[in-house]
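Asks: The residues making up each chain are set out below.
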Amino acid sequence: MGIILLTISILSPLLPVYTGMHHRKAILWVYALLAFMSDITILLLKEVLHLNPGKVANMFFLAEMVCFYYYFYKRGIIPSRLVFWIVTPVAVLLYVVHTLYTVSWNQLNTGGYSMMLISYILLSMLGYMHILRTQNTVHIGASAFFWGNTAIMVYACGAFFIFLFKDRLHPVNAELFGKLWIYGFLTFNITKNLLLAVALSKKRTVE
Amino acid sequence: MNDVSIIILGIAAMLLMALGIILFVLMYQRRVIQSQIEIERVNKEKQAELIHASIQSEEEERSRIAAELHDDIGAHLTSVRMYVVSAMNKPDNQATLQQARAILDESIKKVRELSHKMQPGMLLHLGLVASLASFAKMVSQSGDIHVKLHEDVTLLPKLNETVALYAYRVVQELITNIIRHGNAERVDMYCQVNNNMLLINLQHNGQGLQQADFERFIYKTGASGLKNLVNRLSLLHADISFSLNNENNLYEIRINIPLKPTV
Chain A
11 MGIILLTISI LSPLLPVYTG MHHRKAILWV YALLAFMSDI TILLLKEVLH
61 LNPGKVANMF FLAEMVCFYY YFYKRGIIPS RLVFWIVTPV AVLLYVVHTL
111 YTVSWNQLNT GGYSMMLISY ILLSMLGYMH ILRTQNTVHI GASAFFWGNT
161 AIMVYACGAF FIFLFKDRLH PVNAELFGKL WIYGFLTFNI TKNLLLAVAL
211 SKKRTVE
Chain B
3 MNDVSIIILG IAAMLLMALG IILFVLMYQR RVIQSQIEIE RVNKEKQAEL
53 IHASIQSEEE ERSRIAAELH DDIGAHLTSV RMYVVSAMNK PDNQATLQQA
103 RAILDESIKK VRELSHKMQP GMLLHLGLVA SLASFAKMVS QSGDIHVKLH
153 EDVTLLPKLN ETVALYAYRV VQELITNIIR HGNAERVDMY CQVNNNMLLI
203 NLQHNGQGLQ QADFERFIYK TGASGLKNLV NRLSLLHADI SFSLNNENNL
253 YEIRINIPLK PTV
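Line by line, the protein sequences give chains A and B.
Per this note's numbering, numbering of the first sequence is gapless, rising by one per residue and ending at 217.
Per this note's numbering, numbering of the second sequence is gapless, rising by one per residue and ending at 265.
Calculated from the structure, these hints are not laboratory results.
Since the structure is predicted, the reported quantities are computational estimates derived from the model, not experimental observations.
It is possible that part of the hints are untrue.
[To be verified] Far from chain A by the CB rule (all over 10 angstroms, computed), these chain B residues:
| # | residue |
| --- | --- |
| 1 | 77 |
| 2 | 126 |
| 3 | 165 |
| 4 | 216 |
| 5 | 219 |
[To be verified] Derived CB-CB ranges, DEER-like:
| # | chain 1 | residue 1 | chain 2 | residue 2 | range |
| --- | --- | --- | --- | --- | --- |
| 6 | A | 181 | B | 36 | 49 to 55 angstroms |
| 7 | A | 149 | B | 195 | 44 to 50 angstroms |
| 8 | A | 92 | B | 197 | 37 to 43 angstroms |
Beta carbons: idealized from backbone N, C-alpha and C, even for Gly.
Take the sequences, apply the hints, and build the full model.
Replies: Below is the structure:
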């Protein structure tokens, strides 16, 4: 069951990559492609080459943050280019510094990532407010932003506690955490990719 | 409580929050759409009602003209014909000819009044102010009511023909209503231009309408005159308000007409 979920989770970014094939300049499409490449690389490093995939995971987290912040900036949630160009480098710098000085570049910075997830949750909430304020579409299901925002919200809400408690639970009970990771995180990751696929299938304009 | 329970509870709480937010967004959006649909429906109904009122008013006007032509002018002309036939038989009968001339004069006056009501030619040549002054004079001649147009209106610039005609019709309808339903003895009419707006203010001492009454009437079946008035005002992008001035106890009707409307 675990292997099946892991395989589905690794392959799931291909679904938004496929549905968004005609919108290859869309940031969510780029993100999905990065997610797939990162998952494959981590799998190869860990299972085939028996190397530490921490660096790749940390790099992916940073890339994910830039992608999501850019997505929210393009939709007007981050109010201006200036704010985007201040907030994003500051957040990247904080994550890098936190990783280098309190964890290690070879180790997954789960604390830092939890903070990132909180920022995604807040931006998603602002995204919903934006949807309600603008009312661009008659049926909300037709809005690509609604699905993209929902994907980020569900993923961030689901993954937040898993990452927050990883460092505490994993050393004590690795087996239990493994189950939580497989049935919890992987499920949210698959859900996120399914919702991103819906968002990219709705897209009409390049973001 | 161990860490696993906290994680599971935390995940559940976060997911519930996410679900709650999503549901709220969906329900709120649905409610907004429903209210927009309702507003659209009411607007369509109102529009249909206004069109209906406009057609009805046109039909009523035609009936009125037909009745006036048949009962009044037709009867006058028949009488004149009788007098003329009688005069032909007795050429020296001056009294009969005098009678015929008096009836013809009366008929000419009636035709002129009717024509003036249908299309005030003065409006095209002399403008809104002169036409309103003439209308006020004509109404005052009845002796039952005194309508006065105040002097400052001479400052009014030359208006677009449609604006002038619609404004004239609106004032005409309002004064007719004041005479018919308000039992007023005096009407004061003020016109001025302010910030590219034509402001017409009617004050009368009869029984008038207040804003709530007016809004109730325009949604009521009948009241085609008022609906027609609303129709004309909406074409001018103008607005109208009704109130009672407590200081002088006079009813006031204020009309604001933008001077560059899209008609």
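Asks: Give a verdict on every hint.
Replies: To see whether the hints hold, each was checked on the structure:
Separation of residue 77 of chain B from chain A is adequate, the least Cβ-Cβ distance of about 62 angstroms exceeding the 10 angstroms criterion. Remark: the non-interface label on residue 126 of chain B is consistent with the geometry, its nearest Cβ contact in chain A lying 47 angstroms away (cut-off 10 angstroms). With 10 angstroms as the threshold on Cβ separation, the claim that residue 165 of chain B sits away from chain A holds: the shortest Cβ distance comes to roughly 36 angstroms. Annotated as non-interface, residue 216 of chain B keeps its C-beta farther than 10 angstroms from every C-beta of chain A; the closest such distance is 32 angstroms.
Every beta carbon of chain A lies more than 10 angstroms from that of residue 219 of chain B, the smallest distance being close to 34 angstroms; the non-interface claim holds. Restraint check, residue 181 of chain A to residue 36 of chain B: a C-beta distance of roughly 54 angstroms satisfies the suggested window 49 to 55 angstroms. Checked against the hint of 44 to 50 angstroms, the pair residue 149 of chain A and residue 195 of chain B passes, with Cβ atoms roughly 48 angstroms apart. The given range of 37 to 43 angstroms is respected by residue 92 of chain A and residue 197 of chain B, whose C-beta atoms sit roughly 39 angstroms from each other.
In the structure shown, no violation is registered for any of the earlier numbered hints.
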